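> As a plain string of letters, each chain reads:
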Amino acid sequence: MIENIHAKLQKLKQYGFLFSELVSRDFKKKYKRTVLGMAWSVLNPLLMLLVMRLVFTQFFGHSMSHYTTYLFCGNLVYNWFSESTNQGMTSLMDNANIFAKVNVPKYLFLFSKNVQTIINFGITLCVFFIFCALDQLPFTWKFLTLFYPIVCLLVFNIGMGLILSAMYVFFRDIQYLWSVFTMLVMYMSALFYSISSFRPVIQDLFLLNPVYLYIRYFRKVVIDGVIPSGWFHLLALAYALIAFCIGALIYKKKNHEFLYYI
Amino acid sequence: MILKCENVSIRYITGDFKDIGLKECILRRLTHNYHITEFWADRHVSFELQAGDMLGIIGANGAGKSTLLKAISGIMVPTEGNVDCTGKISALLELASGFDGDLTVRENTYLRGAMLGYTKEFMDATYEDIIDFSELRDFQERPFKQLSSGMKSRLAFSIASLVDPEILILDEVLSVGDGAFKAKSQKKMRQIISGGATTILVSHSLDQVYEMCNKVLWLDKGQQITFGNNVQAICDAYQYFLDTGRMPDEMPSQNIEPLPEDEKVVLPEPEPGEEFKVAAPVSPEIVPSAKKRRKLPKPALIFLAAFFALIIAIAFSEANMPNMIKNLPSHKEDTLFNSGKGIEVCLLNNRLYFYAQEGSNIKMKFFLHFFDEKGNMTDDDFYIKDAKSEKYSSRSLYIAEVNLADHPGCTKIEFGQFYSEAEADGSAKYVESWKREYIP
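For the protein sequence lines, the chains are R and U, in the order given.
Under numbering that gives the first Met the number 0, the first residue of the first sequence carries the number 0, and numbering increases by one thereafter.
Under numbering that gives the first Met the number 0, the first residue of the second sequence carries the number 0, and numbering increases by one thereafter.
It should be emphasised that the hints constitute simulated quantities derived from the structure, not laboratory data.
From a predicted model like this one, the values you see are computed outputs, not experimental measurements.
We treat Cβ as the ideally placed atom computed from N, Cα and C, and that holds for glycine.
Check the hints yourself; a few may be wrong.
Listed below are several chain U residues computed to face chain R (Cβ distance under 8 Å; list not exhaustive) [to be verified]: (1) G73; (2) G80; (3) V82; (4) E106; (5) L115; (6) G116; (7) T118; (8) K187; (9) F307; (10) F381; (11) I398; (12) I412; (13) Y437; (14) I438.
Take a look, some chain R residues computed to stay more than 10 Å from chain U by CB distance [unchecked claim]: (15) L17; (16) W39; (17) M47; (18) N102; (19) W140; (20) G229; (21) L248; (22) H255.
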């Protein structure tokens with residue numbers, strides 16, 4: 000067991016350099032020929048927030064205290080999820096010409112994409128905290144608990160990425176289905192509305208949506224100043240682990256079959 | 000023994016679900032015309048290499064050379080048989096591919112080095128050598144796609160040849176570059192080989208194989224024609240095959256004399272089985288196909304079934320759709336009336352919704368009575384709501400929903416709050432604290 004872990008660590012070390020090179024490649028390619036470069040990581044979510052804020056307060060007349068922060072919580076989490084899964088989905092296929100020629104661990108490509116999206120998320124998170132301050136929300140030690148849903152969501156994103164990228168190799172159709180599905184998730188995640196007018200049973204059903212769960216965690220801590228219950232934490236962890244285990248299992252089983260379908 | 004291939008066979012499957020698409024697949028299955036085709040890229044290939052050997056693999060296009068190399072380098076797993084390899088492999092398959100056109104030469108060099116398993120320190124130390132060897136010093140910061148194809152191959156070769164591998168696999172790489180570079184690369188190769196590396200070389204240049212290799216493997220349409228160390232004879236036989244298109248009538252006998260100039264090489268003992276095996280006659284078609292009927296892959300079936308079930312369920316379940324998809328009253332627009340006791344009644348789609356307004360009792364015992372036109376009570380219902388036990392607190396507490404269609408003939412609905420009093424005998428008595436009525 001210990002030897003096994005040791006061997007794994009050794010392997011990880013060996014591929015550390017490749018991993019860092021892949022990450023830097025992805026970064027260079029992403030912002031190539033853009034004028035503002037990295038600034039888009041901040042601007043993009045802000046512009047989306049602006050649009051939503053405009054639409055839902057001016058046109059639909061939503062009134063809720065801390066509505067901007069409420070929106071931002073949703074956008075922050077949902078954007079990360081959507082970006083990470085959509086880019087993760089194609090990560091394996093995009094690097095087909097590499098793993099068809101060199102024997103490298105195939106999950107590295109997905110991890111590298113995820114490093115990129117988590118950095119994006121981190122930058123947006125900083126902006127988010129600035130917005131919280133502008134919204135006169137009190138900063139307390141409870142904000143530290145946000146670390147928990149972030150780690151859970153990271154694991155969840157990687158898990159979904161593993162599942163999707165493997166499926167994408169076998170069924171290219173998944174990209175069209177997934178874009179529809181992420182839209183469904185967006186509307187089911189209460190990004191811009193409140194679910195408190197629903198019956199309690201239906202409110203509980205919303206928790207079946209992992210993205211909503213993580214958004215709710217953020218809102219509870221940031222807006223309500225409450226730390227969610229233990230069950231809430233367990234559920235958040237369960238979603239992440241389930242997705243990750245399924246993804247890892249698929250990769251383990253199909254590792255040598257990918258090559259036949261590129 | 001450093002590398003051993005035992006009876007290696009690799010199969011590709013074509014014409015299955017993923018290949019022809021869903022529509023075609025279903026159509027063909029319906030018309031009983033659904034076949035998959037197996038294509039054996041390599042069939043029963045066996046050979047063994049010792050340290051210091053240099054193996055040349057020859058054969059026409061499509062003979063299965065590159066597929067075999069993929070199996071050796073661990074990219075593919077053989078369908079049958081196994082590859083036994085002790086030692087670090089550096090594989091250079093289709094050298095110039097796998098570079099990223101958008102990155103600069105320097106970035107690509109580091110990336111490729113990382114892929115080949117070098118460390119950062121090693122790359123930092125050898126980067127200058129690589130650039131010098133490939134003669135690309137002036138092009139370091141240029142995007143890779145702006146290089147000429149000769150330059151690309153030169154860079155690829157330069158990176159790969161700086162390895163210190165135990166097994167080096169070269170797929171048609173020695174023909175890169177112009178004449179001068181070709182000579183330089185051959186010299187470099189000799190240097191690596193004399194360093195004790197086991198090398199596998201795929202080449203269409205017979206001269207090159209003849210000149211550099213001490214063992215030859217001849218593949219044709221996936222079949223192993225022969226393997227042995229009498230390079231000269233096999234090359235001649237292959238040349239004869241190329242010239243005439245026919246297999247030579249008799250294969251050259253095996254040369255068992257050790258190569259004089261290389262003391263390090265320990266040649267294998269000639270085994271009786273290592274006589275030239277002439278493969279069974281191969282059919283003229285490229286595809287030795289085995290036609291088989293094959294079912295749709297199981298996960299795909301389950302996925303399809305679930306998908307259609309979902310669509311059907313959504314299409315026909317409108318009546319049972321949860322309220323979140325239907326409209327919910329929005330308090331402001333749909334409020335029918337306010338009871339004056341903190342209860343708000345909304346009517347929407349022939350349903351009555353009861354809400355407790357903000358600031359009303361936290362503990363809510365609520366009743367509903369339904370009356371027909373004769374004044375008889377036809378139905379009653381009660382709800383006990385505790386705002387504290389609800390997982391949320393909102394500006395109004397949802398209490399009850401009544402579908403008026405469930406109560407046909409109802410002319411009056413009474414609603415209100417009640418409390419319970421303990422009787423002397425221990426039973427509870429329910430007392431209405433207030434009530435209002437609603438006439439539909």
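> For each hint given before, does the structure comply? Return the numbers of the non-compliant ones in rising order.
The structure conflicts with hints 2, 3, 8, 9, 10, 11, 12, 13, 14, 15, 18 and 22, although it agrees with all the remaining ones.
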